[in-house]
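Engineer: Working from the sequences, and respecting the hints, build out all of it.
2 protein chains.
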Amino acid sequence: MKKHDYSLRILPYIPFFYVIWSDDLLSASETNVVRKAIENDDTLTKEDVKLLSGWLQRDNPPADSELKGWKHLVHNSEVKLIESDTYPLSSLSQRMASYYQSDDTFNEQLKQIEINLGIQPNHYNHLFDVEVEHETTSDHYNAKELDLILKGKHAALIDRFRTDLDDPLFTWDIHRNKEAFREIVLKQVRFLAERGYGALAYPEAYGGTADMEGYAYMFENMMYVDGSLTIKFGVQFGLFGGSIQKLGTEKHHDTYLKETGEANLLGCFAMTETGHGSNVRGVKTTATYDAESDQIIIHTPGANDNKEYIGNALHSKMASVFAQLIVDGKNQGVHAILVPLRNEQHELMPGVKIEDNGYKLGLNGVDNGKIWFNQVAVPRANLLNKYGDIRDDGSYHSAIKNPNKRFFTMLGTLVGGRICVARAGLGGAKMALAVAIKHALKRRQFNDSIKIQEDLLMDYPTHQLRLTPLVANAYVYHVTLDKMMEDYCDESQPDKRVIETQVAGLKSIITWYANDTIQECREACGGKGYLIENRIADLKGDVDIFTTFEGDNTVLLLLAAKGVLSDFKAEFNSAGFSAVLKLLGSQLSDKLATINPLYANKVDSEHLYNQKFHKHAFDYRTRRLTYTLAMRIRSYIKKGMPSYQAFMKVQTHLIALGKAYAAELAYTTYCDYVEAMPDGKNKTLFEKLGALHALYEIRKDAEWFLEQGYIGGTKSKAIRQRVERLCTELRPHLGVLVDGWGIPDHCLSAPIAN
Amino acid sequence: MKKHDYSLRILPYIPFFYVIWSDDLLSASETNVVRKAIENDDTLTKEDVKLLSGWLQRDNPPADSELKGWKHLVHNSEVKLIESDTYPLSSLSQRMASYYQSDDTFNEQLKQIEINLGIQPNHYNHLFDVEVEHETTSDHYNAKELDLILKGKHAALIDRFRTDLDDPLFTWDIHRNKEAFREIVLKQVRFLAERGYGALAYPEAYGGTADMEGYAYMFENMMYVDGSLTIKFGVQFGLFGGSIQKLGTEKHHDTYLKETGEANLLGCFAMTETGHGSNVRGVKTTATYDAESDQIIIHTPGANDNKEYIGNALHSKMASVFAQLIVDGKNQGVHAILVPLRNEQHELMPGVKIEDNGYKLGLNGVDNGKIWFNQVAVPRANLLNKYGDIRDDGSYHSAIKNPNKRFFTMLGTLVGGRICVARAGLGGAKMALAVAIKHALKRRQFNDSIKIQEDLLMDYPTHQLRLTPLVANAYVYHVTLDKMMEDYCDESQPDKRVIETQVAGLKSIITWYANDTIQECREACGGKGYLIENRIADLKGDVDIFTTFEGDNTVLLLLAAKGVLSDFKAEFNSAGFSAVLKLLGSQLSDKLATINPLYANKVDSEHLYNQKFHKHAFDYRTRRLTYTLAMRIRSYIKKGMPSYQAFMKVQTHLIALGKAYAAELAYTTYCDYVEAMPDGKNKTLFEKLGALHALYEIRKDAEWFLEQGYIGGTKSKAIRQRVERLCTELRPHLGVLVDGWGIPDHCLSAPIAN
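Protein sequence lines correspond, in order, to chains A and B. The opening residue of the first sequence carries number 1 in our numbering; numbering runs sequentially from there. The opening residue of the second sequence carries number 1 in our numbering; numbering runs sequentially from there.
Misleading hints may appear alongside valid ones.
A pair counts as met if it fits within one copy or between any two copies, since identical chains are not told apart.
Quick list of in silico lysine to aspartate or glutamate cross-link-like pairs, EDC-like style, CA-CA up to 20 Å [as the list claims (entries may be wrong)]:
1. Lys638 to Asp129
2. Lys442 to Asp294
3. Lys442 to Asp739
4. Lys717 to Asp604
5. Lys681 to Asp139
6. Lys700 to Glu520
7. Lys700 to Asp516
8. Lys638 to Asp64
Just so you know, the hints here were simulated from the structure itself, not pulled from any lab data. Keep in mind the model is a prediction, meaning the values are calculated, not measured.
Structural biologist: In structure tokens, the structure reads:
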């Protein structure tokens with residue numbers, strides 16, 4: 001029997017109390033869990049309960065000397081902490097008690113405390129100064145289950161797709177020469193087309209299964225192979241093919257769609273011009289109808305009015321050209337026209353000039369080029385005429401009379417591409433996180449002594465904090481983008497204006513998230529992350545431009561904000577002033593509830609982890625920003641400032657609103673999804689990921705919430721602590737969480753990830 | 001005579017009042033400027049003064065209808081706003097008055113108002129709805145003068161260096177093949193060596209001028225040519241040569257230093273190992289002294305203990321190898337030994353194995369490699385023996401008895417390299433900003449109508465806000481790094497421990513700043529920024545690793561924070577616990593003054609622009625973080641937590657302190673410099689840049705200041721507004737500000753910058 005000062009019944013509680021007090025781990029509500037457990041413990045005498053309760057007073061904590069005594073008691077018992085035990089702290093406590101008392105009865109109450117507190121070995125494994133049997137990754141959750149949840153209804157397609165990527169053609173390698181690289185990527189695109197993936201989103205009559213949602217899901221998976229493949233695939237089937245499918249009519253579908261889906265007809269999407277990056281309505285290329293020859297003449301008027309950065313430009317036979325359509329001397333606005341670029345011998349057609357854009361920061365497997373047209377004549381039938389047509393009598397006709405509305409209806413059909421870009425960005429982020437986390441679960445660095453094994457990188461709090469919230473975000477954005485594509489494809493909702501606003505915001509925040517994540521992963525892997533062989537470098541170069549193409553993020557956020565301001569009711573256009581001004585003309589009122597000071601400083605964990613709090617915060621932010629923005633604009637307008645200038649003055653405010661709106665949308669979409677999940681541990685996990693995501697988001701904009709008085713200083717600090725706590729809590733599951741994304745082993749080629 | 005409602009004397013004031021009220025441009029203190037001017041205006045009648053004063057009441061502003069009337073008055077006068085006028089608003093006002101009154105007397109009081117208000121055409125040029133003669137860039141400041149100020153005492157050297165870079169050898173080009181690229185970079189290094197730049201920091205006896213400060217300045221300028229050149233140059237002359245100079249003794253200098261400076265002897269710096277990235281003290285390579293043969297045997301014990309990422313590894317004849325020195329069976333800690341790698345025929349020496357590290361995200365012109373040693377014997381004399389020697393009798397001797405202290409003294413001599421890396425990062429940021437801003441001063445985008453000329457990118461508030469503070473930061477960091485190198489080179493201050501802490505912090509925040517800046521510039525240039533020809537892409541790839549090499553930023557910030565904690569008094573080492581704990585044992589007190597609520601909500605512009613406020617805020621942050629950190633650590637230790645674990649628990653807090661400390665240091669250094677400048681417009685400009693830098697920094701951490709109650713919500717918003725205002729104010733000078741960095745035209749090859 002060894003010496004100690006406590007009763008047999010008290011002894012097993014000692015490690016719990018040491019954990020509670022030595023590290024300020026538990027909040028007031030959590031110590032209440034312990035209080036209740038003690039009260040329910042029939043083995044304790046009244047005196048025991050009194051003693052233990054005395055140790056639970058937050059205003060009168062046990063003395064440091066007492067804590068040290070507890071620690072020595074644990075240390076001297078020579079017990080090991082075995083992280084893989086089902087209840088590691090209870091188990092350690094029981095073994096410690098046995099050492100001093102040779103008693104083997106197990107106190108079930110301890111188990112209950114451990115379950116209810118939610119603390120895990122990595123919260124306290126450093127505290128006792130005992131030997132620890134570490135567990136790199138817990139198997140509490142199952143990666144295959146997570147993957148199944150995320151794949152949802154697309155499981156069969158995605159599994160088949162991933163298996164197909166196992167072909168040697170997709171083996172990752174370093175490509176420095178753009179010509180050779182492009183040949184390989186073209187082969188990859190053809191390979192996928194042959195297996196039906198290119199036509200996936202087209203109707204069955206043209207080789208597809210009309211599965212746009214599955215099509216979008218593939219974009220994440222293609223990123224596991226290579227960014228250039230992803231983008232070239234998207235240009236060929238999504239942009240070029242999509243313009244035929246959505247802007248063309250049956251004659252175009254019959255002639256071109258099947259060939260396009262099979263990659264027999266390679267095409268490009270010629271919208272952007274050198275002089276007009278984001279301002280599509282202002283493109284200068286003209287398409288003039290010549291009634292005499294019944295042809296449309298495509299022409300580049302000035303030297304800088306060429307089409308720019310056009311993907312697939314060097315391989316294509318045809319282009320979908322966006323130009324000002326002029327019929328009988330009248331400009332009918334931007335329309336798309338199919339223009340042959342090359343003949344069967346791959347020689348340029350007369351009047352067409354194409355130049356390689358040259359080397360880029362990334363995506364060098366995509367053949368981007370500049371295109372000039374010098375009076376190139378094509379048949380009238382080449383006009384993609386779903387929304388505007390030239391009739392046999394040479395007159396222009398459109399069912400949509402308003403040219404602005406017509407233009408934005410045409411562009412709106414292409415919103416699916418933005419979802420795919422966001423999806424690809426997300427895939428890039430997942431890939432980088434998988435590499436960085438697998439590396440951090442193997443790599444050891446430093447310690448206080450060279451005698452002991454160095455710590456795993458993943459066990460450093462700074463490392464946990466920099467990577468864990470990004471993993472949570474990936475789960476949230478995955479679910480959100482799935483839902484966006486589902487809504488976009490919902491034929492029962494033909495009005496896509498709401499979706500356009502939503503996607504404009506989400507594409508921006510998700511592609512920025514992807515870039516930030518990849519950068520964080522690069523740095524987290526140190527010099528190893530800088531080597532091309534470890535894949536993060538390529539991802540960094542490739543994903544970078546996602547913030548710019550398919551709509552520059554800043555421009556998109558302005559669009560999103562104007563959409564919010566106009567309450568989605570009005571016509572959606574790039575200037576958007578008239579719609580917004582109409583709304584602002586009506587009465588505005590600040591419907592926001594005043595924030596109760598008690599609420600602004602509520603810091604208990606139930607509240608901070610509660611979806612209701614997060615949703616309220618996001619909703620408050622969006623509404624408040626909308627209201628103050630509207631008031632500012634109205635005030636400018638009233639003083640006579642031109643509306644264009646008024647909107648210039650509030651640009652940074654608009655950007656803030658756009659981001660806030662998108663963040664709220666992502667989180668509420670995710671919450672709805674989790675709500676519908678069957679109860680069980682996976683649902684709990686998803687809830688925890690959601691809480692981390694939300695608290696991390698609120699932290700990022702804490703200054704704004706503080707400025708508004710929505711949260712007080714104490715609450716702001718408490719949120720930061722909860723973010724760190726959740727990161728520690730998820731630490732044992734990080735390995736499984738990244739495996740849950742189902743990145744195939746044959747894609748995960750980075751040496752540091754293996 | 002045209003119709004209007006105002007007196008001849010009142011009329012020229014109208015545009016000023018319109019500016020004041022239509023855009024909330026002026027703070028209370030600024031409207032007082034106008035009030036005083038009116039009172040001093042002898043031309044006004046009492047009635048005039050009463051009327052005008054009535055329009056200055058902030059609690060009772062003029063009605064919107066009145067404002068509209070004013071605007072029409074200006075608009076109907078058909079005057080032009082000529083931005084290049086010396087006093088554009090006074091000039092416009094006078095011309096407007098003349099239109100209505102045919103009176104040509106000029107009211108001098110107006111000029112005074114305009115001067116004292118500090119408002120510029122780009123604050124109000126959008127308000128009047130009149131024709132504007134735009135000025136892309138103002139010539140109020142002179143780029144050559146700014147360049148002279150920044151070059152300081154290094155002007156002659158830098159001018160000569162920039163001229164030498166005009167050789168065709170330095171013409172920028174795309175390099176995709178690493179072998180060919182490396183040959184060019186090697187030629188560039190040799191070219192510079194021939195002109196004496198390699199040996200610049202060495203003593204005259206070895207071909208130099210002992211000009212370490214000038215040497216550091218060149219790093220910025222080399223970045224204008226290419227990152228690979230910069231780094232290979234640094235490895236050859238700074239790291240390899242520097243280790244001989246600083247760790248070796250006369251015999252080494254005599255034998256190797258001149259040859260090294262002339263690049264006749266190429267060498268590398270073999271410190272990092274695959275298994276030990278940041279933990280240099282834990283390197284596994286051994287250097288065992290064999291008394292019998294009087295040789296040192298260099299050996300790589302395990303497969304992962306090879307030297308890793310060693311620059312110049314493929315071109316070098318020799319390496320400075322860091323290894324555990326074992327003499328008579330006793331490990332004396334890490335020492336550097338010169339080890340021949342190849343013979344004259346460039347064949348590997350027996351026992352040496354070298355592998356190419358392969359392609360990287362950037363810096364592919366640098367030949368990084370892995371090196372293994374298999375029982376490689378070198379003469380005893382090859383030990384760089386300044387701080388530890390093996391005597392003729394085979395015994396080890398060092399003047400520094402404590403092995404830790406010895407190790408950190410050796411490493412400390414290499415701190416200059418960190419300054420050069422920060423300097424190179426700064427050069428990269430400047431280059432990217434120059435490209436992005438020159439592009440934004442030419443590129444037009446959007447407008448409310450396609451009839452009017454589109455706006456310049458640089459005229460968008462979002463664009464100003466994303467780039468202008470980064471320009472201000474570059475000025476601040478330039479001055480700071482100059483001063484750091486001056487202090488580092490100051491032989492009257494032999495104790496370099498303070499500088500080490502300072503440089504650890506500055507290298508981190510400046511290389512992160514550089515990366516963020518380059519990324520912002522890439523996005524600000526849209527797709528054009530993604531093309532390699534426009535240079536930003538290469539900068540992005542090259543500068544990325546600056547956050548990792550020469551000390552990982554996160555690790556360096558931890559070091560800096562520990563340096564702050566131990567108050568520089570104690571021995572500085574990588575664990576640093578003992579020193580810090582010693583400090584914490586003594587009484588700590590929170591000397592911070594309580595923040596006065598009035599101060600926390602002081603929002604007038606004099607206060608917000610005042611250095612005193614900025615310095616107080618930075619000082620408050622550093623001290624508060626230090627105090628709370630110390631209290632947390634002490635509390636952990638008192639409860640018996642091992643010190644290593646206690647430091648783990650506060651890692652994120654340490655990082656915050658490290659950043660805060662570095663930010664304060666940079667700003668106070670800059671303020672001291674500006675203080676000493678001669679009075680004049682350039683000093684005023686530097687003060688304005690400093691204010692923008694400081695307010696932007698405070699904004700970035702606004703959540704922390706708000707949490708602490710150091711600033712209130714109102715002040716936080718006011719600071720944001722001031723940041724935006726300063727960006728607008730600096731808008732006309734951005735072109736000159738970037739030209740002030742003196743980037744030679746022959747280096748600025750980006751097509752979008754020309």
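Engineer: All the hints need checking, so say for each whether the structure fits it.
Structural biologist: Each hint, compared with the structure:
Taking CA atoms no more than 20 Å apart as the test, lysine 638 paired with aspartate 129 passes between copies only; the shortest distance there is 15 Å, against 70 Å inside one copy. For the homomeric pair lysine 442 and aspartate 294, neither the shortest alpha-carbon distance inside one copy (69 Å) nor that between copies (40 Å) is at most 20 Å. Proximity of lysine 442 and aspartate 739 under a CA criterion of 20 Å is satisfied intra-copy only: 15 Å inside one chain copy versus 48 Å between copies. With identical chains, the CA atoms of lysine 717 and aspartate 604 are at most 20 Å apart within one copy only, with a shortest distance of 12 Å there and 29 Å across copies.
In the homo-oligomer, the alpha carbons of lysine 681 and aspartate 139 lie at most 20 Å apart inside one protomer (12 Å), although the nearest pairing across protomers, at 67 Å, exceeds that limit. Taking the shortest Cα distances, lysine 700 and glutamate 520 sit within 20 Å of each other both inside one copy (16 Å) and across copies (19 Å). Taking identical chains as interchangeable, the C-alpha atoms of lysine 700 and aspartate 516 lie at most 20 Å apart whether they share a chain (13 Å) or sit on different chains (17 Å). When the C-alpha separation of lysine 638 and aspartate 64 is checked against a cutoff of 20 Å, the pair qualifies only between copies, where the shortest distance is 6 Å, while the shortest distance within a copy is 66 Å.
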